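Novice: Could you put together the complete structure from these sequences and hints?
So in my numbering, the last one in the sequence shown is 82, and the numbering has no gaps at all.
Simulated from the structure, these hints should not be mistaken for lab results.
Just so you know, these numbers come straight off a predicted model, no measurement behind them.
Treat the hints with care, as some may be off.
Stated by the list, open to error - Mimicking SDA-like on lysine to any residue, the simulated pairs with C-alpha atoms at most 20 Å apart in a straight line are:
no.: 1; residue 1: 41; residue 2: 31
no.: 2; residue 1: 35; residue 2: 5
no.: 3; residue 1: 33; residue 2: 44
no.: 4; residue 1: 17; residue 2: 28
no.: 5; residue 1: 41; residue 2: 11
no.: 6; residue 1: 3; residue 2: 51
no.: 7; residue 1: 33; residue 2: 13
no.: 8; residue 1: 3; residue 2: 40
no.: 9; residue 1: 33; residue 2: 10
no.: 10; residue 1: 35; residue 2: 24
no.: 11; residue 1: 41; residue 2: 14
no.: 12; residue 1: 35; residue 2: 55
no.: 13; residue 1: 33; residue 2: 64
no.: 14; residue 1: 35; residue 2: 45
no.: 15; residue 1: 41; residue 2: 23
no.: 16; residue 1: 33; residue 2: 15
no.: 17; residue 1: 3; residue 2: 23
no.: 18; residue 1: 17; residue 2: 47
no.: 19; residue 1: 35; residue 2: 15
no.: 20; residue 1: 17; residue 2: 6
no.: 21; residue 1: 3; residue 2: 32
no.: 22; residue 1: 35; residue 2: 16
no.: 23; residue 1: 35; residue 2: 7
no.: 24; residue 1: 35; residue 2: 54
no.: 25; residue 1: 33; residue 2: 21
no.: 26; residue 1: 33; residue 2: 11
no.: 27; residue 1: 3; residue 2: 31
Claimed, not checked - Distance windows between CB atoms, simulated:
no.: 28; residue 1: 18; residue 2: 58; range: 53 to 63 Å
no.: 29; residue 1: 60; residue 2: 17; range: 42 to 52 Å
no.: 30; residue 1: 60; residue 2: 29; range: 34 to 44 Å
no.: 31; residue 1: 14; residue 2: 55; range: 35 to 45 Å
Every residue gets a Cβ at the ideal spot worked out from N, C-alpha and C, and that includes glycine.
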Amino acid sequence: MEKQLEEAVDRVLAGEKLTAVADSSPVSFSTLKRKVAARNKGHSIERQRPGPAPLLPSECEADIVTWVAGMQRCLVPESVTV
1 MEKQLEEAVD
11 RVLAGEKLTA
21 VADSSPVSFS
31 TLKRKVAARN
41 KGHSIERQRP
51 GPAPLLPSEC
61 EADIVTWVAG
71 MQRCLVPESV
81 TV
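Specialist: Okay, structure coming up:
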């Protein structure tokens, strides 16, 4: 879908009418209009992760994952009989 979106935006920027491109591609009119406007402003049209940016840096998150894994290893016996 990303490639189709890129091609549709390129077609509009090349001079083709927005409605014609929206009718002949799987990209909706509103999405196409928004992405063309973003490209004209110099913004990326790549899909972004929804929601706010993470509060913790990736290094801190990796440290927490390591700590949790270590705690799990310490608290769970090696052999569990069922």
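Novice: Hint by hint, say whether it matches the structure.
Specialist: Hints, verified against the model:
| no. | hint | result |
| --- | --- | --- |
| 1 | 41 / 31 | holds, 15 Å |
| 2 | 35 / 5 | holds, 9 Å |
| 3 | 33 / 44 | holds, 14 Å |
| 4 | 17 / 28 | holds, 14 Å |
| 5 | 41 / 11 | holds, 17 Å |
| 6 | 3 / 51 | violated, 24 Å |
| 7 | 33 / 13 | holds, 11 Å |
| 8 | 3 / 40 | holds, 18 Å |
| 9 | 33 / 10 | holds, 12 Å |
| 10 | 35 / 24 | holds, 17 Å |
| 11 | 41 / 14 | holds, 16 Å |
| 12 | 35 / 55 | violated, 27 Å |
| 13 | 33 / 64 | violated, 42 Å |
| 14 | 35 / 45 | holds, 6 Å |
| 15 | 41 / 23 | violated, 24 Å |
| 16 | 33 / 15 | holds, 14 Å |
| 17 | 3 / 23 | holds, 17 Å |
| 18 | 17 / 47 | violated, 23 Å |
| 19 | 35 / 15 | holds, 15 Å |
| 20 | 17 / 6 | holds, 15 Å |
| 21 | 3 / 32 | holds, 13 Å |
| 22 | 35 / 16 | holds, 15 Å |
| 23 | 35 / 7 | holds, 11 Å |
| 24 | 35 / 54 | violated, 24 Å |
| 25 | 33 / 21 | holds, 10 Å |
| 26 | 33 / 11 | holds, 12 Å |
| 27 | 3 / 31 | holds, 14 Å |
| 28 | 18 / 58: 53 to 63 Å | violated, 39 Å |
| 29 | 60 / 17: 42 to 52 Å | holds, 49 Å |
| 30 | 60 / 29: 34 to 44 Å | holds, 42 Å |
| 31 | 14 / 55: 35 to 45 Å | holds, 42 Å |
In the structure shown, a violation is registered for the earlier hints numbered 6, 12, 13, 15, 18, 24 and 28, in ascending order.
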